[in-house]
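Visitor: Each chain is listed here by its residues.
Number of protein chains: 2
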Amino acid sequence: MARADYPEPVSALIEELRHLPGVGPRSAERIALWILQNAKANPGKLAGALERAAREVTACGTCGFFSTAAGCPVCSDGKRDRTQLCVVEQATDVLPIERSGAFRGLYHCLGGKLSPLDNVTPDDLRIGPLLRRVEELKGVEVILAVGADVEGEATAHYLAELLHGKECGVTRLAQGLPAGGDLEHADALTLSRAFEGRR
Amino acid sequence: MARADYPEPVSALIEELRHLPGVGPRSAERIALWILQNAKANPGKLAGALERAAREVTACGTCGFFSTAAGCPVCSDGKRDRTQLCVVEQATDVLPIERSGAFRGLYHCLGGKLSPLDNVTPDDLRIGPLLRRVEELKGVEVILAVGADVEGEATAHYLAELLHGKECGVTRLAQGLPAGGDLEHADALTLSRAFEGRR
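Chains as they are written, first to last, in our numbering: chain S, 151 to 349; chain V, 151 to 349.
Source of the hints: derived by calculation from the structure; they are not laboratory data. Just to be clear, a hint being listed does not mean it is correct.
Because identical chains share one entry, a pair is satisfied inside a single copy or across any pair of copies.
[Said to hold, decoys possible] Below, computed lysine to any residue pairings styled on SDA-like, alpha-carbon distance capped at 25 Å:
| hint | residue 1 | residue 2 |
| --- | --- | --- |
| 1 | LYS229 | GLN240 |
| 2 | LYS316 | PRO328 |
| 3 | LYS195 | GLU158 |
| 4 | LYS195 | ASP231 |
| 5 | LYS229 | SER177 |
| 6 | LYS316 | ASN188 |
| 7 | LYS229 | ALA209 |
| 8 | LYS190 | SER342 |
| 9 | LYS190 | ALA209 |
| 10 | LYS288 | PRO266 |
| 11 | LYS195 | GLY255 |
| 12 | LYS190 | LEU339 |
| 13 | LYS229 | GLU303 |
These numbers were taken from a predicted model, which means no experiment stands behind them.
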């Protein structure tokens with residue numbers, strides 16, 4: 151005799167939740183049952199938020215940060231300092247820097263870092279658009295805010311070479327970042343110090 | 151000058167994910183960004199699974215387990231042993247018992263346990279429907295499989311008194327369950343022993 155199992159829609163929900171980062175089989179089951187049983191749960195609202203975010207959120211064509219039809223929160227802000235351009239690996243690196251309060255300029259998200267082992271070459275990063283922006287923003291200070299790990303260093307060196315001789319300054323975040331650490335997980339103080347000590 | 155933040159649809163998604171059990175502010179942000187950035191993420195499918203589960207899954211009118219229009223997976227199974235009725239607190243307690251393989255009868259989910267401090271009285275539990283089922287399933291063995299904590303013990307004693315003199319046997323899971331533990335978190339071996347040693 152077969153053992154009873156959840157009805158199929160419950161199993162399907164658990165299966166979908168399992169794909170999320172940091173959610174294992176037991177957490178997925180717990181979350182699914184909580185959603186179905188708890189009066190405070192609002193699965194329709196969560197489903198709506200998911201669909202709306204997937205539909206409305208795009209990458210900004212200029213900087214690569216999250217954007218909507220209302221425009222990119224950074225690029226569309228006329229009060230940002232247009233003499234500084236902070237180059238980061240991922241769109242997710244922007245908010246930790248914003249929260250540190252150490253920077254008020256523009257951003258450029260590369261979409262990754264050079265990594266020959268993972269087949270990530272310069273062609274895979276948004277380097278062409280970066281060069282065009284540097285030409286437009288004449289005399290801009292390009293701050294290389296990529297991670298302090300091996301691939302980040304390689305990416306920074308590659309970009310510094312590429313920008314050498316162009317009409318721009320090039321600085322690199324000070325090595326206040328913990329060695330080998332991701333930018334995404336750095337705390338605000340570490341980020342502030344890294345901005346202050348850039349060379 | 152205001153610091154840049156995520157576009158509103160991203161913040162709304164993070165806010166909804168934060169409500170889930172075991173998901174804190176940082177995990178919610180990580181999950182939301184993963185959903186928006188990862189090629190493997192399928193937010194539409196997750197949204198669909200949420201809506202479908204919320205729409206199609208109901209509580210079985212007989213036993214209280216999860217059910218759909220196709221019927222309750224336990225009650226609609228003609229091969230189950232109808233001489234045993236296992237009374238549990240929550241619908242979520244059924245699957246751990248099924249997975250232990252120690253029991254092949256029917257279930258009855260009370261929807262909670264007696265707890266005067268939380269204002270849970272017998273009127274809040276599915277006790278009337280239990281008495282009707284016991285009458286229908288003449289001579290059934292009612293196995294009280296509520297937790298081994300204070301409220302579980304109180305609920306078991308209350309039900310044992312209530313069923314005394316009715317045409318049914320009443321047993322209680324052996325105290326192989328760890329004292330104070332939830333049924334939901336017991337492992338299969340512990341559950342098997344508790345079923346074997348019932349008194």
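Visitor: Each of the hints needs a verdict: does it hold here or not?
Guide: Verification of the supplied hints:
1. Proximity of LYS229 to GLN240 under the C-alpha cut-off of 25 Å is restricted to the intra-copy arrangement: shortest distance 23 Å within a copy versus 56 Å between copies.
2. Taking the shortest Cα distances, LYS316 and PRO328 never come within 25 Å of each other, neither inside one copy (30 Å) nor across copies (71 Å).
3. Taking identical chains as interchangeable, the C-alpha atoms of LYS195 and GLU158 lie at most 25 Å apart whether they share a chain (22 Å) or sit on different chains (15 Å).
4. Taking the shortest Cα distances, LYS195 and ASP231 never come within 25 Å of each other, neither inside one copy (38 Å) nor across copies (41 Å).
5. When the C-alpha separation of LYS229 and SER177 is checked against a cutoff of 25 Å, the pair qualifies neither within a copy, at 44 Å, nor between copies, at 31 Å.
6. Neither within a single protomer nor between protomers do LYS316 and ASN188 lie at most 25 Å apart by alpha-carbon distance, with minima of 60 Å and 34 Å respectively.
7. In this homomeric assembly, LYS229 and ALA209 come within 25 Å of each other (Cα to Cα) only inside a single copy, at 21 Å, whereas the closest approach across copies is 55 Å.
8. Taking the closest pair of Cα atoms, LYS190 and SER342 never come within 25 Å of each other, the shortest separation being 40 Å inside a single copy and 34 Å across copies.
9. Only between protomers do LYS190 and ALA209 lie at most 25 Å apart by alpha-carbon distance; the minimum there is 17 Å, versus 33 Å within a single protomer.
10. Taking identical chains as interchangeable, the C-alpha atoms of LYS288 and PRO266 are never at most 25 Å apart, the minima being 32 Å within one chain and 73 Å between chains.
11. Taking CA atoms no more than 25 Å apart as the test, LYS195 paired with GLY255 passes in neither setting, with 35 Å inside one copy and 38 Å between copies.
12. Taking identical chains as interchangeable, the C-alpha atoms of LYS190 and LEU339 are never at most 25 Å apart, the minima being 37 Å within one chain and 34 Å between chains.
13. With identical chains, the CA atoms of LYS229 and GLU303 are never at most 25 Å apart, being 31 Å at best within one copy and 65 Å at best between copies.
In summary, the structure is inconsistent with hints 2, 4, 5, 6, 8, 10, 11, 12, 13 from the numbered list given earlier, while agreeing with the others.
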